[in-house]
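Based on the hints, put chain V in the right spot on chain Y.
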Amino acid sequence: MAELNKENLYQYLLQLGDNVMILGHRLSELCGHGPSLETDIALTNISLDLFGQTRSYFQYAASIKGDDSTEDKIAFLRFPNEYRNTILVEQPNTDFAYVITRQFLFDQYHLLLLEKLVDSSDETIAAIANKSIKEVSYHVRFSSEWMKRLGDGTEESNAKIQEALNYLYPYAGELLKTSPIEELAAGAGYGIDPDILTDSYYQNVNQVLEEATIKIPEGKWSHSGGKNGIHSEHLGFILSDLQYMQRTYPDMAW
Amino acid sequence: MNKTLEQLEKEFQDRIDAGENIEAKNWMPEKYRKTHIRQISQHAHSEIVGMLPEGNWVSRAPSLRRKVALLAKVQDEAGHGLYLYSAAETLGISRDELFEQLNSGKAKYSSIFNYPTLSWADIGAVGWLVDGAAIINQVMLTRTSYGPYARAMVRICKEESFHQRQGYEITMKLAQGTEVQKQMAQDSLNRWWWPSLMMFGPRDEESTHTELSMKWKIKRKSNDELRQQFIDQTVPQAEFLGLTIPDKDLKWNEERGHYDFGPIDWDEFWNVVKGNGPCNKERLNARNKAWDEGQWVREAAMAHAEKKKFKSLKKAI
Numbered sequence: 025m026a027e028l029n030k031e032n033l034y035q036y037l038l039q040l041g042d043n044v045m046i047l048g049h050r051l052s053e054l055c056g057h058g059p060s061l062e063t064d065i066a067l068t069n070i071s072l073d074l075f076g077q078t079r080s081y082f083q084y085a086a087s088i089k090g091d092d093s094t095e096d097k098i099a100f101l102r103f104p105n106e107y108r109n110t111i112l113v114e115q116p117n118t119d120f121a122y123v124i125t126r127q128f129l130f131d132q133y134h135l136l137l138l139e140k141l142v143d144s145s146d147e148t149i150a151a152i153a154n155k156s157i158k159e160v161s162y163h164v165r166f167s168s169e170w171m172k173r174l175g176d177g178t179e180e181s182n183a184k185i186q187e188a189l190n191y192l193y194p195y196a197g198e199l200l201k202t203s204p205i206e207e208l209a210a211g212a213g214y215g216i217d218p219d220i221l222t223d224s225y226y227q228n229v230n231q232v233l234e235e236a237t238i239k240i241p242e243g244k245w246s247h248s249g250g251k252n253g254i255h256s257e258h259l260g261f262i263l264s265d266l267q268y269m270q271r272t273y274p275d276m277a278w
Numbered sequence: 003m004n005k006t007l008e009q010l011e012k013e014f015q016d017r018i019d020a021g022e023n024i025e026a027k028n029w030m031p032e033k034y035r036k037t038h039i040r041q042i043s044q045h046a047h048s049e050i051v052g053m054l055p056e057g058n059w060v061s062r063a064p065s066l067r068r069k070v071a072l073l074a075k076v077q078d079e080a081g082h083g084l085y086l087y088s089a090a091e092t093l094g095i096s097r098d099e100l101f102e103q104l105n106s107g108k109a110k111y112s113s114i115f116n117y118p119t120l121s122w123a124d125i126g127a128v129g130w131l132v133d134g135a136a137i138i139n140q141v142m143l144t145r146t147s148y149g150p151y152a153r154a155m156v157r158i159c160k161e162e163s164f165h166q167r168q169g170y171e172i173t174m175k176l177a178q179g180t181e182v183q184k185q186m187a188q189d190s191l192n193r194w195w196w197p198s199l200m201m202f203g204p205r206d207e208e209s210t211h212t213e214l215s216m217k218w219k220i221k222r223k224s225n226d227e228l229r230q231q232f233i234d235q236t237v238p239q240a241e242f243l244g245l246t247i248p249d250k251d252l253k254w255n256e257e258r259g260h261y262d263f264g265p266i267d268w269d270e271f272w273n274v275v276k277g278n279g280p281c282n283k284e285r286l287n288a289r290n291k292a293w294d295e296g297q298w299v300r301e302a303a304m305a306h307a308e309k310k311k312f313k314s315l316k317k318a319i
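If you read the sequences in order, they're chains Y and V. The opening position of the first sequence corresponds to residue 25 in the working numbering, with each subsequent residue numbered one higher. The opening position of the second sequence corresponds to residue 3 in the working numbering, with each subsequent residue numbered one higher.
Some hints could be false.
Stated by the list, open to error - Far from chain Y, by Cβ distances over 10 Å, these chain V residues were calculated: (1) Asn4; (2) Glu22; (3) Lys36; (4) Ile95; (5) Arg157; (6) Phe164; (7) Arg167; (8) Glu208; (9) Met216; (10) Asn225; (11) Gln230; (12) Glu270; (13) Trp272; (14) Asn273.
What the hints assert, rightly or not - DEER-style ranges, computed between Cβ atoms: (15) V:Phe312 x Y:Asn230: 23 to 33 Å; (16) Y:Leu101 x V:Pro118: 26 to 36 Å; (17) Y:Leu101 x V:Phe312: 50 to 60 Å; (18) V:Val275 x Y:Lys244: 55 to 65 Å; (19) V:Phe312 x Y:Ser224: 26 to 36 Å; (20) Y:Glu62 x V:Phe242: 35 to 45 Å.
Hints are computed from structural coordinates only; laboratory data are not their basis. Cβ coordinates follow ideal geometry from the N, Cα and C atoms, glycine included.
Here chain V stands alone, though its shape is the one from the complex:
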């Protein structure tokens, strides 16, 4: 006898509550599937767009060692994009469709990548702060309910924590360097600090996706909890470097056991989300250019593969 929708939904939620993974072949509510396509693809797009601000400094890296490390890092991000697109594809959407959503501006990606990398120190800050913030989200996602996503995150987290250490080490070298280098590091922290805090998304009372995400274990902690965790772990790191976090309200709160911090400029956040950040247009243009200019290459590869298949078929006959 066929199960009713209610029965299926109950069994599905029971599995999640029992801590089991949902796999691609399992039944899932349509909303679960759509939410995951949205979230996994946003994550994949963030990796791909994230290659641009860092790729920006590959040709100008200050030493061969730094150049190779940065190039390898940006390549890792392309790899993360690949696993994540593959995870999204298990939910019945193609990579081409996902690229179409990104290129047309319909899909979102992490707003942080709409900020420019203006100095070498920004490569340190992106690793230290941006990857540092991303890891906090991602570690939580290694235990998310959708199997292919959770498994992709395990692999990604390992590489991300390496990137974060690499970024911190770049910043440390500057902080221990000449006066000019220290200023470069401080200037970079001044520009990246607040946008990094915004990476955790709107405050809990304004976040629309949180409740369902908690139920499905896409999220296990709220935006505000994660943001607090990031601040608490990053402030001592900045102090160790002798750099100043650009927040005059930042203060250890003995009672809460956390740092108190000043107000985030949410107007800026929503503006960047809506497309008015310093580099939104540049980033999308760069993706569209790569895609459009690659069209003939992808077509040629397909045509050649067809020809080869036909030739081997003819041989077999």
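So that you can see chain Y by itself, here it is in the shape it has in the complex:
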């Protein structure tokens, strides 16, 4: 593989891994604080799945990068503008409605993405996608069911989920907006251009929202920047936690 392509593949893996790691991190912050034991266990499960996927992507990325790269160096020792996740997944756990909506908007995209990546020309990416699809199908079911419960539950829950959706909906578009890294990945055959998922994405999302009696926000405008390393203010605080040990006690084995 040519040097330039290797770097592109590495960057694409970072983008895949960062989305699931940062979302996994947000969910892990909730462990022990959920509205019921059952939701606590379910959200922790999803977080564990996402960290498992993160490790697969980063272990592979480390092998591509070579030298002394490791999954932990990739996860913990980059600068903020080197993280490639979308801004959606770094949004805080404002309340349970925000947690579920963020999850729902991501899960719907995530499943469509993996359904394409199983055909990746890169065997390892295809294998990771194949393994993750089962997990993510469950995530989609979980978050969609909760959208319906909260949307079509009480007046209060409907108002809360509507507020969360109105707030987070403008962050969903970035998932589908093609970044230069994705364009190269799609061209090389190991990745996809997420723009091709757009119609299915909104169709699936809207179908659940309708059933949940939640109004679909108007307007197509979307935040973006995360994929290119320009994040929200939240990421800095996430990284302060995430990187704390590795930065405070450098070069030690744990």
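Just chain V now, kept in the frame of chain Y:
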């Protein structure tokens, strides 16, 4: 002909003495039922509150591998809470009532969780010492007389011993690491050692529940016996790691075949039990916050389930 209360009580005690389990549908003295609700729910609350000091380090775990292991461990504790609340529910009390008792401060939970986790090494110490002490109690409880409790404990013990090994392994890695890591491990042992010994409860002569608990096989060994067992098994583990147990009186007693150890600060113990530990208020506040903020979510789930039931009923008609 109806049996008299005395006959029922005798039959009940005979069953226990014969080593049979008491099941939810069996007759039991009111005091037995109440004691079990108290003990099982305290145990369940300890699992749930215990999630907090460890959950505290999930977002800062030093590697992805450690993060995943810790997250899975804290999740196991939520699972233990679930089985135990279910076991308590078989005695005729609801989970909501039990949460109410916890959140209002009426119910107790293991005092150890009122201590703070201040470094990554504390995650090792909690697994090694706190889970290690808990297992000693729990293994005994797998043979307790109340069936649903005994069966829950069998499952819990398997997971707890895995947690304990995981904690010891975290500590071992630190003990074999850099000077800074060794200090971190020693500092953690210094803070967790005495509170871990207190986990077995007051000395036998001051323990109020022991006699009845022995009769009902809730307990098979006394607090002091269990504490001694813990010390005897843990001292060699610390020595193997090259860490020093913070007790200048600790010494092998050839005659007794046990370690002698220094006096426990029972003032500290009772203070923490009474609510003055470093984190009592924080822990209860965190539980209350999760419960209060989850109220609308639980209501929505109930309302939605009702609506669905109504819809399917309408379809059937």
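Hints versus structure:
With 10 Å as the threshold on Cβ separation, the claim that Asn4 of chain V sits away from chain Y holds: the shortest Cβ distance comes to roughly 41 Å. Taking the minimum C-beta to C-beta distance to chain Y, about 31 Å, the non-interface status of Glu22 of chain V holds against the 10 Å cut. Every beta carbon of chain Y lies more than 10 Å from that of Lys36 of chain V, the smallest distance being close to 24 Å; the non-interface claim holds. Under the 10 Å C-beta cut-off, the non-interface status given to Ile95 of chain V relative to chain Y holds; the minimum distance is some 16 Å.
Non-interface status of Arg157 of chain V relative to chain Y is upheld: no Cβ of that chain comes within 10 Å, the nearest being about 15 Å off. With a cut of 10 Å on Cβ distances, Phe164 of chain V stays outside the contact zone with chain Y, its closest approach being about 16 Å. No Cβ of chain Y approaches the Cβ of Arg167 of chain V within 10 Å, the least distance being about 16 Å, so the stated non-interface status holds. For Glu208 of chain V, the requirement that its beta carbon stay farther than 10 Å from each beta carbon of chain Y is met, with the minimum near 33 Å.
Listed as outside the interface, Met216 of chain V is consistent with that label: its C-beta sits roughly 32 Å from the nearest C-beta of chain Y, beyond the 10 Å cut-off. Residue-level check passed: Asn225 of chain V sits 29 Å from the nearest beta carbon of chain Y, beyond 10 Å. The beta carbon of Gln230 of chain V sits about 33 Å from the closest Cβ of chain Y, which is more than 10 Å, so the claim that it is off the interface holds. Its beta-carbon lying about 26 Å from the closest one in chain Y, Glu270 of chain V satisfies the requirement of being farther than 10 Å from that chain.
For Trp272 of chain V, the requirement that its beta carbon stay farther than 10 Å from each beta carbon of chain Y is met, with the minimum near 27 Å. No beta-carbon of chain Y comes within 10 Å of the beta-carbon of Asn273 of chain V; the shortest separation is about 25 Å. The hinted window of 23 to 33 Å between Phe312 of chain V and Asn230 of chain Y holds, with their beta carbons roughly 25 Å apart. Checked against the hint of 26 to 36 Å, the pair Leu101 of chain Y and Pro118 of chain V passes, with Cβ atoms roughly 28 Å apart.
Taken as a hint, the range 50 to 60 Å holds for the pair Leu101 of chain Y and Phe312 of chain V, whose Cβ atoms sit roughly 55 Å apart. As the Cβ distance of Val275 of chain V to Lys244 of chain Y is approximately 60 Å, the hint placing it in 55 to 65 Å holds. About 33 Å separates the C-beta atoms of Phe312 of chain V and Ser224 of chain Y, a value consistent with the hinted range of 26 to 36 Å. Taking the beta carbon of each, Glu62 of chain Y and Phe242 of chain V are about 40 Å apart, inside 35 to 45 Å as hinted.
When each numbered hint is compared with the structure, no violation occurs for any of them.
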